[in-house]
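Peer 1: One-letter residues, chain by chain:
There are 2 protein chains.
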Amino acid sequence: MGIRERLLSIQSHVVFGYVGGRAAVFPLECLGYDVDVVNTVNYSNHAGYGNVGGTKTSAKELENIFKILEENELLAPTRLLTGYIPDAESLSAVNRIVQKLKEERPGLIYLLDPVMGDAGKLYVAADVVPVYKQMLPLATIIAPNWYEVELLTDTPMTDMPSLQKALLILHKKYQVPNVVISSIPLKPWLLAGLPSSISPPNDVDDHEDRADWLFCLSSSIVTISGDATPSHTHINGSKSIGCPSIVHAARVPLIPGYFSGVGDLFSAFLLSHFQPTVPIPLNSTSAVQTPQPPSEPTHVQTPFSYAASLALTKTHAILSKTHEYSLSLPEEERLPSDDELDIKNPMRKVRRMRGRELALIQNQDIIRGVGLSTANTRWMGKWESFWEN
Amino acid sequence: MGIRERLLSIQSHVVFGYVGGRAAVFPLECLGYDVDVVNTVNYSNHAGYGNVGGTKTSAKELENIFKILEENELLAPTRLLTGYIPDAESLSAVNRIVQKLKEERPGLIYLLDPVMGDAGKLYVAADVVPVYKQMLPLATIIAPNWYEVELLTDTPMTDMPSLQKALLILHKKYQVPNVVISSIPLKPWLLAGLPSSISPPNDVDDHEDRADWLFCLSSSIVTISGDATPSHTHINGSKSIGCPSIVHAARVPLIPGYFSGVGDLFSAFLLSHFQPTVPIPLNSTSAVQTPQPPSEPTHVQTPFSYAASLALTKTHAILSKTHEYSLSLPEEERLPSDDELDIKNPMRKVRRMRGRELALIQNQDIIRGVGLSTANTRWMGKWESFWEN
Numbered sequence: 001m002g003i004r005e006r007l008l009s010i011q012s013h014v015v016f017g018y019v020g021g022r023a024a025v026f027p028l029e030c031l032g033y034d035v036d037v038v039n040t041v042n043y044s045n046h047a048g049y050g051n052v053g054g055t056k057t058s059a060k061e062l063e064n065i066f067k068i069l070e071e072n073e074l075l076a077p078t079r080l081l082t083g084y085i086p087d088a089e090s091l092s093a094v095n096r097i098v099q100k101l102k103e104e105r106p107g108l109i110y111l112l113d114p115v116m117g118d119a120g121k122l123y124v125a126a127d128v129v130p131v132y133k134q135m136l137p138l139a140t141i142i143a144p145n146w147y148e149v150e151l152l153t154d155t156p157m158t159d160m161p162s163l164q165k166a167l168l169i170l171h172k173k174y175q176v177p178n179v180v181i182s183s184i185p186l187k188p189w190l191l192a193g194l195p196s197s198i199s200p201p202n203d204v205d206d207h208e209d210r211a212d213w214l215f216c217l218s219s220s221i222v223t224i225s226g227d228a229t230p231s232h233t234h235i236n237g238s239k240s241i242g243c244p245s246i247v248h249a250a251r252v253p254l255i256p257g258y259f260s261g262v263g264d265l266f267s268a269f270l271l272s273h274f275q276p277t278v279p280i281p282l283n284s285t286s287a288v289q290t291p292q293p294p295s296e297p298t299h300v301q302t303p304f305s306y307a308a309s310l311a312l313t314k315t316h317a318i319l320s321k322t323h324e325y326s327l328s329l330p331e332e333e334r335l336p337s338d339d340e341l342d343i344k345n346p347m348r349k350v351r352r353m354r355g356r357e358l359a360l361i362q363n364q365d366i367i368r369g370v371g372l373s374t375a376n377t378r379w380m381g382k383w384e385s386f387w388e389n
Numbered sequence: 001m002g003i004r005e006r007l008l009s010i011q012s013h014v015v016f017g018y019v020g021g022r023a024a025v026f027p028l029e030c031l032g033y034d035v036d037v038v039n040t041v042n043y044s045n046h047a048g049y050g051n052v053g054g055t056k057t058s059a060k061e062l063e064n065i066f067k068i069l070e071e072n073e074l075l076a077p078t079r080l081l082t083g084y085i086p087d088a089e090s091l092s093a094v095n096r097i098v099q100k101l102k103e104e105r106p107g108l109i110y111l112l113d114p115v116m117g118d119a120g121k122l123y124v125a126a127d128v129v130p131v132y133k134q135m136l137p138l139a140t141i142i143a144p145n146w147y148e149v150e151l152l153t154d155t156p157m158t159d160m161p162s163l164q165k166a167l168l169i170l171h172k173k174y175q176v177p178n179v180v181i182s183s184i185p186l187k188p189w190l191l192a193g194l195p196s197s198i199s200p201p202n203d204v205d206d207h208e209d210r211a212d213w214l215f216c217l218s219s220s221i222v223t224i225s226g227d228a229t230p231s232h233t234h235i236n237g238s239k240s241i242g243c244p245s246i247v248h249a250a251r252v253p254l255i256p257g258y259f260s261g262v263g264d265l266f267s268a269f270l271l272s273h274f275q276p277t278v279p280i281p282l283n284s285t286s287a288v289q290t291p292q293p294p295s296e297p298t299h300v301q302t303p304f305s306y307a308a309s310l311a312l313t314k315t316h317a318i319l320s321k322t323h324e325y326s327l328s329l330p331e332e333e334r335l336p337s338d339d340e341l342d343i344k345n346p347m348r349k350v351r352r353m354r355g356r357e358l359a360l361i362q363n364q365d366i367i368r369g370v371g372l373s374t375a376n377t378r379w380m381g382k383w384e385s386f387w388e389n
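If you're matching them up, the sequences are chains R and B in order. Using UniProt numbering, read the first sequence as starting at 1 and increasing by one per residue. Using UniProt numbering, read the second sequence as starting at 1 and increasing by one per residue.
The set of hints was computed from the structure by calculation and includes no laboratory data. Ideal placement from N, C-alpha and C gives every residue a C-beta, glycine not left out. Keep in mind that a hint or two might mislead.
Pairwise CB distance ranges, derived in the manner of DEER restraints [as the list claims (entries may be wrong)]:
1. R/P294 - B/S373: 34 to 44 Å
2. B/E332 - R/Q134: 29 to 39 Å
3. B/D338 - R/D87: 44 to 54 Å
4. B/S373 - R/D87: 36 to 46 Å
5. B/N376 - R/P195: 55 to 65 Å
6. R/D154 - B/A125: 49 to 59 Å
7. R/E324 - B/I343: 54 to 64 Å
8. R/K100 - B/E331: 22 to 32 Å
Could you build the full structure based on these sequences and the hints that come with them?
Peer 2: See below:
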């Protein structure tokens with residue numbers, strides 16, 4: 001653990017449970033990063049509980065913190081992660097500091113998670129959307145969900161051409177080199193487009209319904225820079241030359257129920273494991289296991305799809321353990337979602353939420369990659385024909 | 001890692017560096033605790049830099065957070081840690097919630113670190129002192145420094161009788177069962193009182209000056225409860241019967257320079273490793289190594305001195321690594337303290353502070369106890385004759 005990489009994380013803080021910074025910072029620290037932690041809100045718990053205490057950090061407070069950090073020469077991250085920022089004024093303050101950081105250090109690896117909403121519902125102020133659009137060109141990686149891609153690109157994605165169009169907008173108009181969309185419900189048109197070569201993970205049961213799967217897609221603009229980056233040579237020789245991006249995909253079994261903080265955890269893993277200038281497997285800054293991808297052509301990885309594979313594997317494993325734990329609770333603490341009953345008795349929802357907080361602490365071995373191997377990693381498969389569809 | 005213990009931590013947050021919650025929460029999480037994190041301030045960096053941004057959490061904000069946590073049934077810790085709380089109003093809000101928690105759950109293990117000042121200088125508002133005095137009877141453990149003991153007991157400690165008097169006030173008047181004072185400069189009268197049996201650690205160089213040592217003292221009221229607590233039987237048979245407490249002590253080599261957050265880290269380890277109802281060595285909630293104390297009479301441990309031994313060992317090891325790292329920095333980042341030069345050029349101090357931030361992330365193996373054994377633990381030695389002096 002000799003290398004000291006500093007990562008600046010700007011997202012929410014909750015006292016209880018694991019969303020935002022509380023889902024991301026512990027894993028990042030376990031994986032060897034010194035993390036500077038800016039809290040955009042200080043809440044008692046996440047909004048899913050229905051009843052929330054605490055306050056937002058105002059744009060003025062954020063600016064004051066950034067200013068003093070800068071004066072003290074403490075603002076020198078090599079990586080940056082931004083997540084939940086509740087309003088446009090605060091987001092603009094963050095935008096200004098990111099602009100400045102990026103100008104001063106062009107090598108900064110910035111993962112922008114445009115946390116705006118899910119499943120057609122905004123949970124931040126609507127005027128953050130244009131600010132996020134301004135910020136996209138600063139990002140090295142973005143990790144929106146399906147709905148957030150639609151918001152950022154003004155493109156409802158209903159078929160392969162509209163999905164392609166949305167990705168093109170992100171890559172070309174907004175100049176984002178790396179896009180990942182995770183937790184996508186496997187719509188029939190997506191399944192139909194998916195090549196058979198992107199095989200489901202080892203533990204697949206053939207009889208499982210397609211509704212029992214979620215889908216993860218990564219799209220990466222890879223700059224070929226010659227011998228210096230041996231991990232890129234496979235890509236150089238592939239069919240993808242002339243295509244706007246290298247697309248990978250993977251399916252994971254859907255875990256029933258709604259869990260909070262999963263996206264925040266996924267982003268933390270993705271940023272941790274992304275090593276653009278290091279051959280695969282990564283010489284990580286940490287003592288983590290970093291398995292070698294299998295040699296079959298569909299498993300050829302870009303540095304980005306490699307990081308997405310590890311992020312997917314670890315996030316899914318922690319989610320499975322969390323689900324297992326939540327099933328072990330007394331029945332009254334795991335009553336299923338029922339809007340009418342939940343309204344009548346708010347504690348019904350609160351107890352369900354509590355039982356579904358990510359089991360990060362109990363599963364820190366998963367974070368560190370203990371036992372992770374080539375065989376049990378959920379590899380992103382290369383989607384050769386993506387742009388030909 | 002099956003056991004889920006919840007710990008509520010109420011102390012400061014800084015964006016950059018490791019003091020308060022930033023020094024305590026990561027170690028607590030590594031050691032298997034689910035930590036609920038209440039931030040009493042949200043600062044850019046610790047006060048030692050001279051230039052600080054950010055805001056305090058008001059008493060009203062704290063009360064709102066506690067209220068909602070309670071309404072959501074999320075306030076159910078088995079352990080409690082309170083540290084830096086900047087003013088009497090906020091401290092009173094914390095006092096009220098601690099009172100309530102302690103009434104509801106008498107088994108709550110509460111470590112109160114009365115962070116008020118150091119070396120004769122207060123760095124919180126003076127009116128917190130009486131509030132801390134009110135809170136002392138709620139505590140299972142207190143971890144004041146030398147100056148804070150003097151403040152809490154109104155007793156300047158200048159010789160053995162005044163040290164005994166101060167401890168008696170804490171144990172008898174304020175009903176605190178476990179007191180630890182660490183980082184005590186080894187004054188001549190202390191050294192003179194110390195029995196030769198409390199041997200210096202293995203790596204002692206006989207020629208080292210006494211000024212090169214710090215001293216740690218623990219004092220514990222042990223309730224003998226029979227066969228159910230086998231770890232206590234040694235104490236039952238010892239000379240200490242009739243004495244007000246069992247006192248242990250240890251010396252550690254002084255590491256030159258001032259490091260921040262050391263007390264906060266020590267408290268986190270102390271609370272993590274304190275298992276009052278479990279025989280030594282502890283069946284910890286975590287995967288940590290918990291060595292068996294040597295069998296010599298001076299090494300007989302109470303559950304509290306056992307925890308203090310591990311806390312001392314791990315804190316000292318991390319501090320040594322931090323010091324080693326700070327020495328590796330370019331000269332302009334490690335210029336020694338010099339008040340006049342520091343005033344002329346504030347960045348001189350800032351750079352020194354930055355280089356001395358605890359190297360927690362790089363040394364997480366120490367936190368987990370990797371390689372920790374009976375032989376390399378800095379055992380607290382039993383000070384048999386303490387009350388006879």
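Peer 1: If a hint holds in the structure, say so; if it does not, say that too.
Peer 2: Results of checking the hints against the structure:
Restraint check, R/P294 to B/S373: a C-beta distance of roughly 40 Å satisfies the suggested window 34 to 44 Å. For the pair B/E332 and R/Q134, the beta carbons lie near 38 Å from each other, so the given range of 29 to 39 Å is met. The hinted range of 44 to 54 Å is satisfied by B/D338 and R/D87, whose Cβ atoms lie roughly 45 Å apart. The hinted window of 36 to 46 Å between B/S373 and R/D87 is violated, with their beta carbons roughly 53 Å apart.
The beta-carbon spacing between B/N376 and R/P195, approximately 56 Å, falls within the hinted interval of 55 to 65 Å. The beta-carbon spacing between R/D154 and B/A125, approximately 53 Å, falls within the hinted interval of 49 to 59 Å. For the pair R/E324 and B/I343, the supplied restraint of 54 to 64 Å holds, since their beta-carbon distance comes to about 59 Å. Taken as a hint, the range 22 to 32 Å holds for the pair R/K100 and B/E331, whose Cβ atoms sit roughly 29 Å apart.
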